[in-house]
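**Q** Each chain is listed here by its residues.
There are 2 protein chains.
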Amino acid sequence: MSLETARTEHLDIGDVRFAFRRLGATAGTPLLLLQHFTGTMDSWDPEVVNCIAESRPVIAFNNLGIGSSTGRTPDTVEQMAADARSFIQGLDLPTVDLLGFSLGSMLAQVLAAQHPDLIRKIIIAGAAPRGGEEHLVEVVGEAFAVAGPDVRLPLFFTPTEESQRAGRAFVARAMARKENRDPDGGDDISEPQAKAIIGWCASKEEDQATLRAIAQPALVVHGSDDTMFPSINAYNMFKAMRNAQLLLYPDAGHGALFQYPERFVTHCRTFLDE
Amino acid sequence: MSLETARTEHLDIGDVRFAFRRLGATAGTPLLLLQHFTGTMDSWDPEVVNCIAESRPVIAFNNLGIGSSTGRTPDTVEQMAADARSFIQGLDLPTVDLLGFSLGSMLAQVLAAQHPDLIRKIIIAGAAPRGGEEHLVEVVGEAFAVAGPDVRLPLFFTPTEESQRAGRAFVARAMARKENRDPDGGDDISEPQAKAIIGWCASKEEDQATLRAIAQPALVVHGSDDTMFPSINAYNMFKAMRNAQLLLYPDAGHGALFQYPERFVTHCRTFLDE
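Sequence lines, in order, name chains A and B.
Numbered as in the UniProt record's numbering, the first sequence ends at 274 without a single skipped number.
Numbered as in the UniProt record's numbering, the second sequence ends at 274 without a single skipped number.
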């Protein structure tokens with residue numbers, strides 16, 4: 001079973017139907033994947049996800065309104081986190097670990113701070129804290145203004161030859177699933193999600209209360225040259241959390257975790273197994 | 001063969017007799033250990049050194065004037081680095097990796113920048129760059145002013161119960177060698193070494209030229225609460241080197257690498273094996 005071949009399952013909660021895929025080991029704390037701006041289950045890197053799933057259960061899902069899930073995408077991180085919590089509890093999972101990338105990292109922070117018993121450990125990549133520095137609109141606008149084979153090449157990778165080569169390999173891996181792929185979204189997803197991210201970063205918080213409330217072990221992974229969420233965010237998050245490790249990768253942009261899949265998987269395993 | 005039991009060997013270069021100990025695998029690039037302020041071969045953590053030596057050759061040595069080596073301790077990082085280079089070349093080693101801790105990290109930076117063919121990879125822990133922020137005299141002075149079982153407990157570990165417990169375990173491990181221990185040094189070592197460290201941090205450099213000259217892969221490991229060399233040094237070094245990874249550990253002081261020996265060894269292996 002792999003991310004590319006896992007069957008899409010469904011969970012009904014109220015009038016919402018969540019789409020999700022499970023893979024990996026059956027025993028152990030499951031790792032729940034929280035996806036980036038406009039991303040679906042099929043936007044994850046199969047190499048990263050399949051390798052992590054060798055030693056633990058992994059669950060990818062689409063939050064409300066995304067891909068093959070129904071419902072309406074909310075425009076706040078807090079509501080998205082509440083929806084993710086409904087999904088976790090709907091699956092009857094007593095405890096989960098979280099891997100949150102970009103927008104997903106914001107949900108992971110809220111969930112970890114609010115639910116110390118439900119969330120065991122968090123890995124946050126390409127993250128920004130409440131009140132953090134973001135350049136979403138400018139950078140995304142510039143990336144879409146340039147014609148190219150995939151907007152993730154300028155958005156997730158640096159301009160160097162090595163990083164772009166790694167980016168093309170990532171994009172090819174992420175296209176591996178042919179059957180039952182999640183549909184891409186439109187403005188009904190990107191608009192509320194952009195509002196949520198911008199609102200999160202605009203909301204200054206007294207003494208970084210959310211991060212200070214996170215007592216669980218946290219692994220913060222970031223690229224040296226993330227243009228949307230600069231790496232100083234990651235350093236500041238590390239300093240504010242009481243039990244965080246910081247990992248910064250060289251010549252890497254927002255998609256640092258997909259640029260060095262083997263390295264990232266090893267670091268995740270070391271962290272989750274401790 | 002372990003750090004506690006390895007035979008002390010000697011290498012004569014000119015009128016200097018270097019003391020060193022070799023352990024671990026015979027094949028592979030050797031990892032040379034570069035020690036901290038006033039430290040000898042016996043100041044290393046046997047758990048860290050022995051675990052790293054399971055998969056590669058490891059060499060500990062005393063630089064000029066330290067412990068069981070002869071000669072006079074110089075008062076500049078540059079001369080200490082030149083002496084270390086003589087030692088490496090005296091052993092006929094074509095290439096080495098370096099693990100430099102604190103003062104040793106400064107030697108590692110100079111060696112990596114000056115000798116791209118001799119130095120393959122560097123791991124620098126508790127490091128400061130040229131022109132970096134240091135609080136050596138105040139912090140060491142305060143630590144010696146408080147009576148305690150070992151000055152490394154306040155200097156290398158944070159005041160939390162967990163960190164101090166890890167500190168006591170480290171000190172106990174570092175005392176394991178009973179026979180043929182290196183003698184502790186006096187002012188003839190601490191004075192020139194302090195001058196070297198303070199001079200290194202006081203010497204501002206145009207555009208961080210030393211760090212920018214380091215093209216080799218570098219792993220920067222630092223504690224969240226290093227009182228002598230604040231963690232922002234590590235972040236700034238990461239940003240200035242072109243191929244560095246940064247790893248910051250929580251609730252950890254200058255001795256972060258000895259507080260989490262298993263984690264540090266795993267991270268070193270991942271880095272050195274890549």
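It is worth saying that the hints were derived from the structure and are not from the lab.
None of the values given here were measured: they were computed from a predicted structure.
Even glycine gets a Cβ: it sits at the ideal position worked out from N, Cα and C.
Honestly, I wouldn't trust all of these hints.
Think about it this way: if two alpha-carbon atoms lie no more than 20 Å apart in a straight line, the pair counts; the simulated DMTMM-like pairs of lysine to aspartate or glutamate are [to be verified]:
1. A:Lys204 <-> A:Glu78
2. B:Lys239 <-> A:Glu162
3. A:Lys239 <-> B:Asp92
4. B:Lys239 <-> A:Asp225
5. B:Lys239 <-> A:Glu134
To spell it out: a stretch of chain B is covered by chain A in this simulated footprint if at least three of its residues, at any positions, have a beta carbon under 8 Å from a beta carbon of chain A; those stretches are [claimed, not checked]:
6. 235–242
7. 247–261
**Q** Next, verify each hint and record whether it holds.
**A** A quick look at each hint next to the structure:
Distance restraint check for A:Lys204 and A:Glu78: the Cα-Cα separation of roughly 15 Å lies within the 20 Å cut-off, and the hinted pair is therefore satisfied. Taken as a hint, the B:Lys239 and A:Glu162 pair is honoured in the structure, with Cα atoms around 18 Å apart against an allowance of 20 Å. Proposed proximity of A:Lys239 and B:Asp92 is contradicted: the alpha carbons are some 43 Å apart, above 20 Å. Taking the CA atoms of B:Lys239 and A:Asp225, the gap is about 9 Å. The hint holds against a cut of 20 Å.
The hinted pair formed by B:Lys239 and A:Glu134 meets the criterion: a straight-line CA distance of about 19 Å does not exceed 20 Å. With 5 residues having a Cβ less than 8 Å from any Cβ of chain A, the region 235–242 of chain B passes the three-residue criterion, so the hint holds. Only residues whose C-beta sits within less than 8 Å of a C-beta in chain A count toward coverage, and the region 247–261 of chain B has 5 of them, enough to reach three; the restraint holds.
In this structure, only the earlier hint numbered 3 is contradicted, and the remaining ones agree with it.
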